[in-house]
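Q: So the protein sequences, as listed, match chains A and B.
The first sequence begins at 23 in our numbering and counts up by one.
The second sequence begins at 23 in our numbering and counts up by one.
Cβ-to-Cβ under 7 angstroms is the rule here; a few derived chain A residues that face chain B: (1) Val65; (2) His110; (3) Asp111; (4) Val112.
Simulated from the structure, these hints should not be mistaken for laboratory data.
A quick note: this is a predicted structure, and the numbers were derived from the prediction, not measured.
From the three backbone atoms N, C-alpha and C, an ideal C-beta is built for every residue, glycine too.
Number of protein chains: 2
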Amino acid sequence: MIHRNTGKYRWDDVDVHPYKEDGSIFKDVTRQTLFHGGDDLAVELRYFEVGCNGHTTLERHEHAHLVTIIRGSGRVLVGDIVSSIGMHDVVQIPPFTWHQFQADEDEELGFLCIVNPKRDRPQRPGPEELEELNAIGGVAEFIRI
Amino acid sequence: MIHRNTGKYRWDDVDVHPYKEDGSIFKDVTRQTLFHGGDDLAVELRYFEVGCNGHTTLERHEHAHLVTIIRGSGRVLVGDIVSSIGMHDVVQIPPFTWHQFQADEDEELGFLCIVNPKRDRPQRPGPEELEELNAIGGVAEFIRI
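Bound-form chain A, shown alone (with noise of 0.2 angstroms):
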């Protein structure tokens, strides 16, 4: 079975949802599930699309993330390191670690995410870990609440 993608980061059978509806806080991010687990393959595939200067949300939670970056470039937080992100660069998001995306100001960050079917609820910091995570250099200026 193929989905095959129209040439637009969009794909042929496939809807492209909000990144959220639970009213967390994020700008300007959609959602495309590619693959919902099946065939004793136990991952769900999305893409997700962050428009320029969009961002996603800050939070963290028990499962893991498996990103490959297919279309621009960006920022991530993972854990308490910012790093430059761009085409094809692998990045793991290791259980109940901080990480934060955000596309640059002119190109939209388009990326893959392997994660398992079945999750945890993510959490977002509370006061007393919003200070530690700006206690650390480089990372106040970056996230975004």
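We have chain A already, so just place chain B on it with the hints.
A: Just chain B, lined up with the frame of chain A:
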């Protein structure tokens, strides 16, 4: 943790291997493993690249493949159907389904492949199975064995 792409479908800390080292029949294919499983994500992520006019082994097995094209174009046999494939198409290979990837004559075909870390041994077609495959319109002209 970031596996940094070098810009040429190679990653900083990832070795390039031949596609297979068991004597199977293939032509001009390399394999790079980007994720070996871990963090409760029970999958491997590999990048395969088929050189111009190259091909993977015609085979089937119990484990499934989830493939995303990230370079070039080509064709794929899945079951009894030969399809053209190109950038960002997503191809599901269900369990125990004959499959073979071929690059176009003038372009490499590169794809990410998600699989279970524990996999059964691939089977190649015997004489009777080849006869069945060759009886399917379009397949006889496609397969390389």
